[in-house]
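So for the sequence shown, numbering that gives the first Met the number 0 puts the first residue at 0; every next one is plus one.
Since the hints were derived computationally from the structure, they do not count as laboratory data.
Among these hints, one or two may not hold up.
[Claimed, not checked] List time: in silico DMTMM-like cross-link candidates among lysine to aspartate or glutamate, alpha-carbon distance up to 20 angstroms:
#  : residue 1 : residue 2
1  : Lys126    : Asp141
2  : Lys172    : Asp141
3  : Lys66     : Glu18
4  : Lys135    : Glu173
5  : Lys66     : Glu54
6  : Lys66     : Asp49
7  : Lys126    : Glu147
8  : Lys26     : Asp49
9  : Lys177    : Glu151
10 : Lys37     : Asp141
11 : Lys50     : Glu92
12 : Lys135    : Asp49
13 : Lys66     : Glu25
14 : Lys126    : Glu54
15 : Lys176    : Asp141
16 : Lys95     : Glu59
17 : Lys165    : Asp141
18 : Lys176    : Asp158
19 : Lys177    : Asp158
20 : Lys95     : Glu30
21 : Lys37     : Asp55
22 : Lys37     : Glu54
23 : Lys66     : Asp24
24 : Lys95     : Asp55
25 : Lys37     : Glu25
26 : Lys135    : Glu147
27 : Lys135    : Glu92
28 : Lys66     : Glu30
29 : Lys37     : Asp49
30 : Lys26     : Glu59
31 : Lys37     : Glu173
32 : Lys172    : Glu147
33 : Lys165    : Glu147
34 : Lys135    : Asp158
35 : Lys50     : Asp141
36 : Lys37     : Glu59
37 : Lys126    : Glu173
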Amino acid sequence: MVQLMIKGPNPEREAGLLERIVTGDEKAFSELYGLCSKSVYAYIFRILQDKTMAEDVQIEVFTQVWKGAGTFRGQSQVKTWIFGIARNLTLNELRKRKNLLNIDDFPQLNDPKQPEIDTCDQAGLVKQAMAKISAKHREILDLVFFHEMRYEEIAALLDISVNTVKTRVFYAKEALKKKMTLMGVSHD
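Using the sequences and the hints given, assemble the complete structure.
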């Protein structure tokens, strides 16, 4: 069984909190929310690229955690289960939108008159480039680089093979490099 490595709080603690949530323990829910909400929001935001929508989906995620705590089967860690809920709701939101991010909505940053870009600016440009790639590519890069999940963990979360994860990571990196090049940013 693939298990998600959790920094800080341990998985047993989260499982204990979820058991208490099943009994209606609001304090346990508040504690679990405090442990997971920031990373769940960051994951949702990186895919949707919209603060208000990400907040709305995050609220729905934790509403489902509260209501569905009794349905947790223990086949994964609690945080992995929560990320699965977040992923499903985020994909539903993307389907509702139909019109995903349009490249023309972003300013072109490849002006040759532009001065050298410092490291801080480059981090911002990487974020802009991430916003320009597909939601599928953003999701895989987000899980690998921002949530530091192993390929095996991602495969379990997305219900795909490890080789498919590797392939998606490769193509997502290529897409990101291409967008950065179009923006005039060196990606070496």
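Now the hints, each set against the structure:
| no. | hint | verdict |
| --- | --- | --- |
| 1 | Lys126 to Asp141 | 11 angstroms, holds |
| 2 | Lys172 to Asp141 | 11 angstroms, holds |
| 3 | Lys66 to Glu18 | 12 angstroms, holds |
| 4 | Lys135 to Glu173 | 13 angstroms, holds |
| 5 | Lys66 to Glu54 | 18 angstroms, holds |
| 6 | Lys66 to Asp49 | 26 angstroms, violated |
| 7 | Lys126 to Glu147 | 17 angstroms, holds |
| 8 | Lys26 to Asp49 | 30 angstroms, violated |
| 9 | Lys177 to Glu151 | 27 angstroms, violated |
| 10 | Lys37 to Asp141 | 14 angstroms, holds |
| 11 | Lys50 to Glu92 | 13 angstroms, holds |
| 12 | Lys135 to Asp49 | 16 angstroms, holds |
| 13 | Lys66 to Glu25 | 12 angstroms, holds |
| 14 | Lys126 to Glu54 | 19 angstroms, holds |
| 15 | Lys176 to Asp141 | 15 angstroms, holds |
| 16 | Lys95 to Glu59 | 15 angstroms, holds |
| 17 | Lys165 to Asp141 | 14 angstroms, holds |
| 18 | Lys176 to Asp158 | 27 angstroms, violated |
| 19 | Lys177 to Asp158 | 28 angstroms, violated |
| 20 | Lys95 to Glu30 | 31 angstroms, violated |
| 21 | Lys37 to Asp55 | 14 angstroms, holds |
| 22 | Lys37 to Glu54 | 11 angstroms, holds |
| 23 | Lys66 to Asp24 | 12 angstroms, holds |
| 24 | Lys95 to Asp55 | 14 angstroms, holds |
| 25 | Lys37 to Glu25 | 19 angstroms, holds |
| 26 | Lys135 to Glu147 | 17 angstroms, holds |
| 27 | Lys135 to Glu92 | 13 angstroms, holds |
| 28 | Lys66 to Glu30 | 16 angstroms, holds |
| 29 | Lys37 to Asp49 | 15 angstroms, holds |
| 30 | Lys26 to Glu59 | 19 angstroms, holds |
| 31 | Lys37 to Glu173 | 28 angstroms, violated |
| 32 | Lys172 to Glu147 | 15 angstroms, holds |
| 33 | Lys165 to Glu147 | 14 angstroms, holds |
| 34 | Lys135 to Asp158 | 14 angstroms, holds |
| 35 | Lys50 to Asp141 | 16 angstroms, holds |
| 36 | Lys37 to Glu59 | 14 angstroms, holds |
| 37 | Lys126 to Glu173 | 15 angstroms, holds |
In terms of the numbered hints stated before, the structure departs from hints 6, 8, 9, 18, 19, 20, 31, listed from lowest to highest.
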